[in-house]
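Student: The residues making up each chain are set out below.
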Amino acid sequence: MAEQERYSRQMMLPGFGHAAQQKLEQAKVLIVGMGALGCPALQYLTGAGIGTIGIADGDVIQLHNLHRQPLFYTGEVGQNKTTIAATKMRALNSNVQITVYPFHIDQKNALKIISEYDMVIDATDNFPSKYLLNDACALMSTPLIYGAVTQYEGQVAVFNHSKNGRNIQYRDVFPDPPNSGAILSCEEAGVLGVLPGIIGTVQAAEAMKLITGLGRLLDGILLTYQVLNAQCYEIELSKNFSVKEIDKATFENTDYQWICSPNTHIREISIDEFKQLQLSHQLFIIDVRECHEEPVVDFADVRIPLSQLSSIPIEIPDQKNICVICQHGLRSQYAAKQLQQLTHQTIFSLSGGLAAYFKV
Amino acid sequence: MNILFFGNLVDITQKAQEALSGTTNTQTLQALLCKKYPALQSVKYFIAVNGKMIQENTPLKEDDTVALMPPFSGG
Numbered sequence: 001m002a003e004q005e006r007y008s009r010q011m012m013l014p015g016f017g018h019a020a021q022q023k024l025e026q027a028k029v030l031i032v033g034m035g036a037l038g039c040p041a042l043q044y045l046t047g048a049g050i051g052t053i054g055i056a057d058g059d060v061i062q063l064h065n066l067h068r069q070p071l072f073y074t075g076e077v078g079q080n081k082t083t084i085a086a087t088k089m090r091a092l093n094s095n096v097q098i099t100v101y102p103f104h105i106d107q108k109n110a111l112k113i114i115s116e117y118d119m120v121i122d123a124t125d126n127f128p129s130k131y132l133l134n135d136a137c138a139l140m141s142t143p144l145i146y147g148a149v150t151q152y153e154g155q156v157a158v159f160n161h162s163k164n165g166r167n168i169q170y171r172d173v174f175p176d177p178p179n180s181g182a183i184l185s186c187e188e189a190g191v192l193g194v195l196p197g198i199i200g201t202v203q204a205a206e207a208m209k210l211i212t213g214l215g216r217l218l219d220g221i222l223l224t225y226q227v228l229n230a231q232c233y234e235i236e237l238s239k240n241f242s243v244k245e246i247d248k249a250t251f252e253n254t255d256y257q258w259i260c261s262p263n264t265h266i267r268e269i270s271i272d273e274f275k276q277l278q279l280s281h282q283l284f285i286i287d288v289r290e291c292h293e294e295p296v297v298d299f300a301d302v303r304i305p306l307s308q309l310s311s312i313p314i315e316i317p318d319q320k321n322i323c324v325i326c327q328h329g330l331r332s333q334y335a336a337k338q339l340q341q342l343t344h345q346t347i348f349s350l351s352g353g354l355a356a357y358f359k360v
Numbered sequence: 001m002n003i004l005f006f007g008n009l010v011d012i013t014q015k016a017q018e019a020l021s022g023t024t025n026t027q028t029l030q031a032l033l034c035k036k037y038p039a040l041q042s043v044k045y046f047i048a049v050n051g052k053m054i055q056e057n058t059p060l061k062e063d064d065t066v067a068l069m070p071p072f073s074g075g
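Protein sequences appear in the order of chains A and B.
Mapping to this note's numbering: the first sequence position 269 is 269, numbers consecutive.
Mapping to this note's numbering: the second sequence position 40 is 40, numbers consecutive.
Hints listed in this document are in silico derivations from the structure and should not be mistaken for laboratory results.
It is possible that part of the hints are untrue.
Restricting the straight-line Cα-Cα distance to at most 27 Å, the calculated cross-link-like pairs of lysine-lysine (DSSO-like) are [what the hints assert, rightly or not]:
hint : chain 1 : residue 1 : chain 2 : residue 2
1    : B       : Lys44     : A       : Lys244
2    : A       : Lys23     : A       : Lys209
3    : A       : Lys163    : A       : Lys88
4    : B       : Lys52     : A       : Lys244
5    : B       : Lys44     : A       : Lys337
Taking the hints into account, I'd like the entire structure generated from these sequences.
Tutor: What follows is the structure, encoded as structure tokens:
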């Protein structure tokens, strides 16, 4: 009976009832980032009686977090965010299973953790995490509820909603990460405390709509909210057909911190440019496909799978430019970025990869 | 047409919106804006015409609203 009372004010809503409550109780939601977006999302979803909520963050509470993360108290500064948040949420609603991941989600642990959940709320505060979560969710066809803020503006959208959805992903909108430093974080640019509270709460609302099927979802729609003039602006997003699908091997071998770091722009060369450079014998060609991948090409100087690139030393002749090749031109970009740490020579990536090379 | 700027683009343009005329497509509009605000060339954003994101050069009419939207990363 107590449970009837706990949820009575939402269950009496038109169109909600027992059916929607039951759906919430069976749902599993992962919130990545336990900061200013993650806290309000967690509080409302716990209150609403979501079955299982996973919370992931390796950070500790800092004094300058508290103006926008009122879930945390001054006396808790220095303690792990997820541990404190979990204790409070268990006290709020013990029916909800709270699973704690007191570390950062990375390319090695993401797929395993996300596979336990129906959807992911992106409550992170940096580009490497946003691209990592997008790629992981795209790979696993898991809906992603994206949120981000800057100064006085915030954004929300639902991505990767492939089941009866528009299946737009973050990379359709922003295919490549901006160099860090190009876009200021809250640390550098500042943020009004209530803004992420509003955006995180909208993310929780989208999660509840996604679970229950109620209302109109921000499926492939980017909602931007401006605090100062109290205005919302909606943009219907569209698919970018030049975005290549990511595969599991590439995902697990991508260093997301690195691809978002500055000065790592890799020049892609066309098949024609590649053939011209080949003729001039100025290229050292590195094939980063896995050993079993066909066709074998005789023009590669070495073949080292991307997964082993960091562990195998390569002797690159001076005076030559390097061109990295793979099947479709995506892994070669990641490999080129890795190699750029090791050498000052010019590094190219073959656009479209060998698939394009043999099609021409 | 009415041009809307969001996020860090406002730091460059020093305004959230601007009325412009004389351009017939999004490519020429971009060229015009980059001439007026050179710093726009080095930042990432996508373009939406009348609330719809575009992926290629799109014709513009005088009464269109064009939004320039950069990525946000804070949380």
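Student: Check the structure against each numbered hint from earlier and tell me which ones fail, lowest number first.
Tutor: Violated hint: only 3; rest satisfied.
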